[in-house]
Amino acid sequence: MVATKKTKIVIGLLSIFAMGSGQVSSGVLPEDRIDVLYHSYDGGGVTIDGPSVLVRKDIANKVSVYGNYYVDMVSSASIDVEATASAYTEERTQLSAGADYLYDKTMINLSFTNSSEDDYEANTVSFGISQDFFGDLTTLGMGFSLGDDTVKRNGDDAFEESTEHRRYNLSLTQILTKNIIANLVIETVIDEGFLNNPYRSVRYLDENSGSLGYSYEAELYPHTRNSDALALRTMYYLPYRAALRFEARYFSDSWGISANNVELRYTHPFESGLILEAKVRRYQQDGADFYSDLFAFKEATNFRARDKELSTYSNTSIGLGLTYELKSEYLSWFNKSTVNLYWDHMQFDYDDFRDVTAGGDVGTEELYSFDADVIRFYFSFWY
Amino acid sequence: MKHLLIVVCALTLAACGPIKPWVKPYERQNLADPIMSFERDAVATQYINHVYETREASRGAEGSGGGGCGCN
Chain A
1 MVATKKTKIV
11 IGLLSIFAMG
21 SGQVSSGVLP
31 EDRIDVLYHS
41 YDGGGVTIDG
51 PSVLVRKDIA
61 NKVSVYGNYY
71 VDMVSSASID
81 VEATASAYTE
91 ERTQLSAGAD
101 YLYDKTMINL
111 SFTNSSEDDY
121 EANTVSFGIS
131 QDFFGDLTTL
141 GMGFSLGDDT
151 VKRNGDDAFE
161 ESTEHRRYNL
171 SLTQILTKNI
181 IANLVIETVI
191 DEGFLNNPYR
201 SVRYLDENSG
211 SLGYSYEAEL
221 YPHTRNSDAL
231 ALRTMYYLPY
241 RAALRFEARY
251 FSDSWGISAN
261 NVELRYTHPF
271 ESGLILEAKV
281 RRYQQDGADF
291 YSDLFAFKEA
301 TNFRARDKEL
311 STYSNTSIGL
321 GLTYELKSEY
331 LSWFNKSTVN
341 LYWDHMQFDY
351 DDFRDVTAGG
361 DVGTEELYSF
371 DADVIRFYFS
381 FWY
Chain B
384 MKHLLIVVCA
394 LTLAACGPIK
404 PWVKPYERQN
414 LADPIMSFER
424 DAVATQYINH
434 VYETREASRG
444 AEGSGGGGCG
454 CN
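Chain order of the listed sequences is A and B.
Residue numbering for the first sequence follows my numbering, beginning at 1 and increasing consecutively.
Residue numbering for the second sequence follows my numbering, beginning at 384 and increasing consecutively.
Calculated directly from the structure, the hints in this document are not laboratory data.
Warning: the hint list may mix true and false statements.
Unchecked claim - Using 20 Å as the maximum straight-line C-alpha spacing, the simulated PhoX-like pairs for lysine-lysine come out as follows:
(1) A:336 to A:279
(2) A:152 to B:407
(3) B:403 to A:57
(4) A:336 to B:407
(5) B:403 to A:105
(6) A:57 to A:336
Here chain B stands alone, though its shape is the one from the complex (with noise of 0.2 Å):
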């Protein structure tokens, strides 16, 4: 019972505490990494985007899109 009230009251501590960034820069190579990128190649991105809007109705917080149509 007293491990319990120590270890609840240091997380309680450590919760009131300010968040401090936990990955650091040097840290970061592996999310450097190219094939890390959400979308490499933004042309193609674009157009694969653009396929997808005008054959699904739906539309909206795509990541990158592009205009037009093409589709009847």
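Chain A with its partners taken away, still in its complex shape (with noise of 0.2 Å):
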């Protein structure tokens, strides 16, 4: 339904090969596992929930490969639905395989993904080469993926246009001590195309609109945007059994978007076999140039925006989850099988963008916000 975040979503697919791979060594495959977990997304008006399936098989101890069946139901209310058009229900079925290749020191990687719903459907190529060496104490890797997509209307039959991505990457992985161990990754995306939201409007003052001040129009995104991206994380092995996880990440893009986050996470081992982890994470974004919550005139810039994913705001989160492995005689032809959940609490705060649904003098609406709860159930099963 939105296409400008699935624009830059569907790029996301590179890193898809690295799914169950360890970071230590890339000289060792994923392991044999089967995944089932259900998501749950619950926020600002929109609740999106399905099953991941994801099933990881090794042959002949040189070749690693896995198939992931991922659907979204979403069922939208969100205040942009609600300021400008009713609300929806639809479906997103994504479906991917890849396979992780081990010569030597040597991985290999090749995935393909197709994500398919009424009004997009997109593919996504990648590949993915990674090199341990200087006493597998540091890894190197790079990958690069493609992506084509196909933008559609409901509604409009006569509308249809296409997108298409290109992702690079750089990964550093070096252990600097006993305990810790670091990643850095370098990533630039080039889009092309159709990036804009076909359902989603503009806001402008006009006198002639009656007590509201104001009317809409469509959006109109620039055809191209470049991006990069810098991340560090970090693992510390600390005194007693227990890890504290770091991130931080940089991004800027050609839209004048520039954003960061950091990430605290701190992974705790029981002797029951309970895992106990908790973060907290805090992202902040500056908007788009062309992004404005109310325009002065109708056409009054050659670029429009006013999706909120694009202005200025903060999502501060936290997290916590819970691992436990099963040790059940039914599951015994498993190795291994644990059952997870993990909830995170996220506020968003928006510093230009407007609600309004809140009624009030147009331009002096109260600012936007809204929370949401992500759930992550599953059970994993290595065998």
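Dock chain one against chain two, each of which comes alone in its own frame, and use the hints as you go.
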């Protein structure tokens, strides 16, 4: 239903080949396992849930193949929908398949993903290679993915646009000490084609609009977008058996958006087979050059957006997770089985996106904010 | 001064020599602990990164991601 986000998301498929792979060494194939997950997002008038099933299997200790089936079932009455459209439901299905090939200390990955819904179709192919060296203390990787999307608009059979995505990344993982490992990733993304949302609108001051004081017109985005992201992640093994994970990421793009996020995560295993995880995360973003909550008049600028994801805002999250290793005789033909429950709570606060449903004088409505709860509940089986 | 010169010379010589891996394979048991994995479960990481990507404008260098939307 939303091209803007989809177009930038489909390109994220390059890293799917990292599913289940260890970060310490590329010289080891990922483990054989099955994951069955239920996911749920609830916030801002939007609920999305569905299953994800991921299966991995090793072949002759040389190749690890995997397949993933994922579904989003969306029910939306978000503020964007409330302001300019009607609540809707839709479903998106994503199928992925890939293989990791290990040759000595070199890992080669190839994957393909298809994402499909009634008004959006996306296909992405990814390739990556990584190599261990320096006594296996260092792993250097690089990757490329190419995505091709078709954008449609429900209720308008004549509307069809396309978008292409290219994604390049470099990754360096380094063992620093007996207890610290670090990972540095840099990634460039290039989008070309129809990048805006065929449904969303901007609002502008309009004296002829009656009591409202404003009217809406279609958004208009540039047809290219280039971005760079740099992330540093470290893992620290604490003096007792527990781990501390730190992440910092910086992002900027050709639309004038810059963003950064930091995250701290603590993992504590107990003797009983229980693993507790707690995290805090903070994301902050400066909006696009062509974003405005309220334009001065109709067609005021060459490009225009009122997509709140392109505005200036922050997202503060906390999360808790529990993993428990199951020891049931019914599961004896698995090497290991776990049940996992993760809960994340997110608070979004917008600095220049106003809640037009709250009423008030035009341009002085209260700033929008909302919170969301994210659930991941899944079983994992190693075999 | 003499001691300082010795230390400087020693460091200079050390810098000229080949750097060897400083964490031996038998010293990596802590790093090999599953809790030290950057992401233990790919299926869960893929999903939370998907949530971030749909709600935030930044993209790239996630570590693990996924496709799709459901974001209006």
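Checked hints:
1. A:336 to A:279: violated, 26 Å
2. A:152 to B:407: Roughly 56 Å separates the two Cα atoms, so the pair is violated.
3. B:403 to A:57: Measuring from Cα to Cα gives roughly 36 Å; hence the hint is violated.
4. A:336 to B:407: violated, 29 Å
5. B:403 to A:105: Judged against 20 Å, a Cα distance of about 18 Å means the pair holds.
6. A:57 to A:336: holds, 15 Å
Of the numbered hints listed earlier, those contradicted by the structure are 1, 2, 3, 4.
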